[in-house]
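K.L.:
Residue numbers (numbering that gives the first Met the number 0), protein chains in the order written: chain A, 0 to 333; chain B, 0 to 333; chain C, 0 to 333; chain D, 0 to 333.
No lab work stands behind these hints: they were computed from the structure.
Misleading hints may appear alongside valid ones.
When chains are identical, the list treats them as one kind, so a pair holds in a single copy or across two.
[To be verified] With a cut-off of at most 30 Å between alpha-carbon atoms, the simulated DSSO-like pairs for lysine-lysine come out as follows:
(1) Lys102 x Lys14
(2) Lys327 x Lys203
(3) Lys327 x Lys102
(4) Lys297 x Lys244
(5) Lys297 x Lys203
(6) Lys24 x Lys297
(7) Lys244 x Lys203
(8) Lys14 x Lys24
(9) Lys297 x Lys267
(10) Lys102 x Lys267
(11) Lys102 x Lys297
(12) Lys102 x Lys24
(13) Lys244 x Lys24
(14) Lys24 x Lys203
(15) Lys244 x Lys102
(16) Lys267 x Lys327
(17) Lys297 x Lys327
(18) Lys24 x Lys327
Here the structure is a predicted model, which is why all the values come from computation and not from measurement.
4 protein chains.
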Amino acid sequence: MTVRFGLLGAGRIGKVHARAISGNKGAQLTAVADAVADAASAIAEAQGCAVRTIEEIEAAADIDAVVICTPTDTHADLIERFSRAGKAIFCEKPIDLDYDRVKACLRVVEETDATFMVGFNRRFDPHFSAVRAAINEGRIGDVEMVQIVSRDPGPPPAQYIGSSGGILRDMTIHDFDMARFLLGEEPDTVFATASVLVDPEIGKLGDHDSASVVLTTPSGKHCTISNSRRATYGYDQRIEVHGSKGAISAENQRPVSIEIATNTGYTKPPLHDFFMTRYTEAYAAEMAAFVAAISEGKPASPSGQDGLRALALADAAYLSIEQGRAVKVSEVLG
Amino acid sequence: MTVRFGLLGAGRIGKVHARAISGNKGAQLTAVADAVADAASAIAEAQGCAVRTIEEIEAAADIDAVVICTPTDTHADLIERFSRAGKAIFCEKPIDLDYDRVKACLRVVEETDATFMVGFNRRFDPHFSAVRAAINEGRIGDVEMVQIVSRDPGPPPAQYIGSSGGILRDMTIHDFDMARFLLGEEPDTVFATASVLVDPEIGKLGDHDSASVVLTTPSGKHCTISNSRRATYGYDQRIEVHGSKGAISAENQRPVSIEIATNTGYTKPPLHDFFMTRYTEAYAAEMAAFVAAISEGKPASPSGQDGLRALALADAAYLSIEQGRAVKVSEVLG
Amino acid sequence: MTVRFGLLGAGRIGKVHARAISGNKGAQLTAVADAVADAASAIAEAQGCAVRTIEEIEAAADIDAVVICTPTDTHADLIERFSRAGKAIFCEKPIDLDYDRVKACLRVVEETDATFMVGFNRRFDPHFSAVRAAINEGRIGDVEMVQIVSRDPGPPPAQYIGSSGGILRDMTIHDFDMARFLLGEEPDTVFATASVLVDPEIGKLGDHDSASVVLTTPSGKHCTISNSRRATYGYDQRIEVHGSKGAISAENQRPVSIEIATNTGYTKPPLHDFFMTRYTEAYAAEMAAFVAAISEGKPASPSGQDGLRALALADAAYLSIEQGRAVKVSEVLG
Amino acid sequence: MTVRFGLLGAGRIGKVHARAISGNKGAQLTAVADAVADAASAIAEAQGCAVRTIEEIEAAADIDAVVICTPTDTHADLIERFSRAGKAIFCEKPIDLDYDRVKACLRVVEETDATFMVGFNRRFDPHFSAVRAAINEGRIGDVEMVQIVSRDPGPPPAQYIGSSGGILRDMTIHDFDMARFLLGEEPDTVFATASVLVDPEIGKLGDHDSASVVLTTPSGKHCTISNSRRATYGYDQRIEVHGSKGAISAENQRPVSIEIATNTGYTKPPLHDFFMTRYTEAYAAEMAAFVAAISEGKPASPSGQDGLRALALADAAYLSIEQGRAVKVSEVLG
């Protein structure tokens, strides 16, 4: 069985998924839709698929699944439409910036029994998933403390900032998911603090560019997250888990791992420049997992509930920033 | 000029300082005092010095300086006595567990114009001080975010826990000082959370064994601290500073840096077993700085105020844990 | 323009090249031939191409280029046939085990003006090519000494040993090419020593499993090569170049770069298991270079002369082993 | 028992040993002798010992042992004199540049039953000795191939070159000893090649500055040595042993192990600047081993025979360079 895909949204992340679909033997990219005709054409040409409208894809008998890469404020509507159209749905994070909207949307997913997966790509990174596997094998005993460092090489454009939902819903949301993935226990308390250190324009837009978060779980496990919209040395993506019998970490990745020694020292090249290059394998594995779920008729993971829970952590984090206190996640759940 | 030392307290850390004094060309260990006669004799024999009482050292014309390594609850009294006796004083951290007691004690130090230094040894670690130096040279631009990981290989004995003032005053206090050392700006807000994950006995004694802390400064810099009383892999001591132009880190140290490759992977030996071996060079450099301050008639650093400020951070952290909120340091200042 | 490929030989390395062709946008795998029908069918099915005979491929108008992955003793004949058939030719190393046969074969290539490339895949490894690029940029000044360590995870099957031409023509030949690639000057003297340490059966077949080689150039540069048919820790592939202004190295690669710390130390997983996984990117880049040479009508590199010269170094090395002396390469040139 | 030392020679390496003696609890530096009065005085003052003539030290009842750090051409005579004077003798390598002179000298050592140790400090480096220990524990199975890289940060002064015996007797001799230490089997064949790449002046003096050596043992083990008198990045000292069950390596050491990440990459500081800083711990452990041998009345190791055998390897290496062939060590044994 080959899963036939429609791609909604032909921007930066759309291209990433188009390549992941093309590289997957069980998948085929049938059509792409984008409000910007040139963007759609570029992918259509590169991957050898058709350009269609969203409506056409919705109605198409030769499309089994869609990948939603459109602007965030269209996600929930599209998820509902395509759920009702009987398609399997992969949606980029976040599902929506509003918790209640996400809940309502997931209700439709549930009612229509659609196969649904949310795009938390990092779970599929071979290094990060090896960390999870080693924990499962008991290599470090019981998980006690998790450290996540996640820094973008630079801030996004101002126009993106405006509709991003803020750094915690846009960027940290990946780390919230990673924290849940690694802790093995649902965090129930969030403390967050954020500031503007990189670019004052970001502050004027009401957003932050630097954030620190502490999550705790009922049994007393901790997770700290450190975020910045700046990292001159590349896309900084590290996780570390400390347990009762040891610790495990996944270090940064670089495209070329040479080392040059001179009288000024030993130098290795900068890291990957951003997610498109850093997480190439993760995007491929993510798509493979989605295709497998469809093919085998099993639920996809990470699920809509995973998307919802990460958003709740972001909401709790914003309440924490506002009130300067640790916030129970239950306070923000609808 | 040779600075002649009296050592007060012949326990574990007393031995460390005795060796540091003996290895310093400008210093001489003249006498050692300890309530436990055998402990004092052991150091006296090993280092070739006399055993005397505290009173004798206080009155001795051939003693210029003392190193206070006695139990914490005796520190403030001894500092006052030896300040009045005209001796230079090096005191192990903490000065006292009570903020007001420290303030009062430091007033005596000031009135008597005593040379006074507090034992925050990590500032003198060659790797950590190289981090500070690189920041000073502008290598990473403006400091934005600091990460400190500090884990002991195992918990202290129960009897020690009882009089330690709690993990934040006993262990994290080093990290609070390191945070101040690295941030280059006084943290004004503290959030902390702590739990018992390692040993329930520690919880029964009212203490914690795992802690996470976030400090922030007026300009918006952050520092996260991660502490545990357990690390199967050795004494885990790492710092990392992220700035506007780059980042700098000091990795863990191990006594032997070989690597064995087999069919199960590539293995390096565990880290140093604890502070006595990890910070050998730091203790020597610390003592050298103290001796230099005395010899040159200059103020010693880190000062009593550094000790006081670190304690204030610990107090604020405990208030934060109690009330589940970010605490202004000004709230706990007397 | 799309280059249409016929694949000759559907064994282990054939599969590697089939994947590289399929993953290349400018290339298309049209047909595969193999004496073992099942092997050909497997690739045909996996990559969606036809099974044909060598004769059919030779005569096919819809085939522009062939990739020769058949047993070594068929290489030279096939190169000649396909040169005359007007196809571009990529041939796995070695061209032949006999120096004069290679020379004769390359004469046909020259006369027919065929585009010809020999499969020294390591030149295309992103890490190794970055080493070469850094040398070209003058980062380490003039090259002085090169170290190459190359160890297979385990010995090949006995039947392969028999027709391999010996470890120096089969395995070290890659290192001879890498030495030439990195030295930037033609080595003119070879010293080699080899022994049987891994498996006495290899010795009974007249081959060795462990070898050390020293190459020197007219200006006095050195290269040492260390080879073994055994490495319990994975496929060990390292290069290091020391120059007048510094040194540069490319370290080993592993599929998963996590680190687990326990009371026995810090452990990273083993290396890639062999060339198929270690050099995935190199094989893709190699094929891309071949396709580009064909498309642009330019000579391909590494050339037949590169293959010839590496074989001459192997021949000289065997003479060195036989006579226990440094051998001038000119002694073995026809 | 305290071993009382006379130090012969107050140059660079003399100072190193003076510090090692002073830092050893079982040793005491009683006197120092040097033709250059100022050099002797400097050490005498720094370590609190007397300046005496060699004759006075020879006759002194309060001297148990001597450390010979004088120019190489005086070593053998001094060893004989002090053997006859009943002193224990530690002599810097090489014992002499002439094989027969060494043999004769060691005969006197034997006849007088003097405790004698030769200064191959690297055996005592904690990292290198941990490599040896791991081999002894069977961690890598049977040793098969050893790689040694040893590069000085820069060439010695011309006047030193003239009396050094050549790079192979002066510098590589340490690597010859390390090869014997690690192989666990006596090498019986040597191939060497050497050239002048660093400084033409060295060539004019008849010496080389770059050398590659291959040693083999009767059972077929190999060792390659790579030497240069230039390393812009510091004192490059690496060993690596490959065995039937795995491999083990000791990497380079640096005084400060921080890492700075910027837009140009990740940079660690250069290595130690030279042997005085790189091998501080080794020199201390070496002296401790000598003191222990004297105190316990046991033979010291490495012995005179170790010194003799390393010189034989150097002699064989020079014969190899001269004749361009692998030389049996037995050819140069007297």
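K.L.:
Compare the structure with each hint and give your call.
P.N.:
These are the hints, each one checked on the structure:
1. Lys102 x Lys14: Cα proximity of Lys102 and Lys14: one copy only (28 Å, versus 48 Å across).
2. Lys327 x Lys203: both (29 Å within a copy, 25 Å between copies)
3. Lys327 x Lys102: within (19 Å within a copy, 37 Å between copies)
4. Lys297 x Lys244: neither (35 Å within a copy, 44 Å between copies)
5. Lys297 x Lys203: Neither: 46 Å inside a copy, 47 Å across copies.
6. Lys24 x Lys297: Within one copy, since 19 Å is at most 30 Å while 34 Å is not.
7. Lys244 x Lys203: Result: close only across copies, 23 Å inter versus 46 Å intra.
8. Lys14 x Lys24: both (18 Å within a copy, 16 Å between copies)
9. Lys297 x Lys267: neither (44 Å within a copy, 34 Å between copies)
10. Lys102 x Lys267: Classified as neither; 46 Å inside a copy, 42 Å across copies.
11. Lys102 x Lys297: For Lys102 and Lys297, the Cα distance is within 30 Å only inside one copy (21 Å; across copies 60 Å).
12. Lys102 x Lys24: Classified as neither; 34 Å inside a copy, 43 Å across copies.
13. Lys244 x Lys24: Classified as neither; 40 Å inside a copy, 39 Å across copies.
14. Lys24 x Lys203: Result: close neither inside a copy nor across copies, 47 Å intra and 45 Å inter.
15. Lys244 x Lys102: Neither, since 39 Å and 42 Å both go past 30 Å.
16. Lys267 x Lys327: neither (43 Å within a copy, 38 Å between copies)
17. Lys297 x Lys327: neither (33 Å within a copy, 51 Å between copies)
18. Lys24 x Lys327: neither (44 Å within a copy, 52 Å between copies)
When each numbered hint is compared with the structure, violations occur for hints 4, 5, 9, 10, 12, 13, 14, 15, 16, 17, 18.
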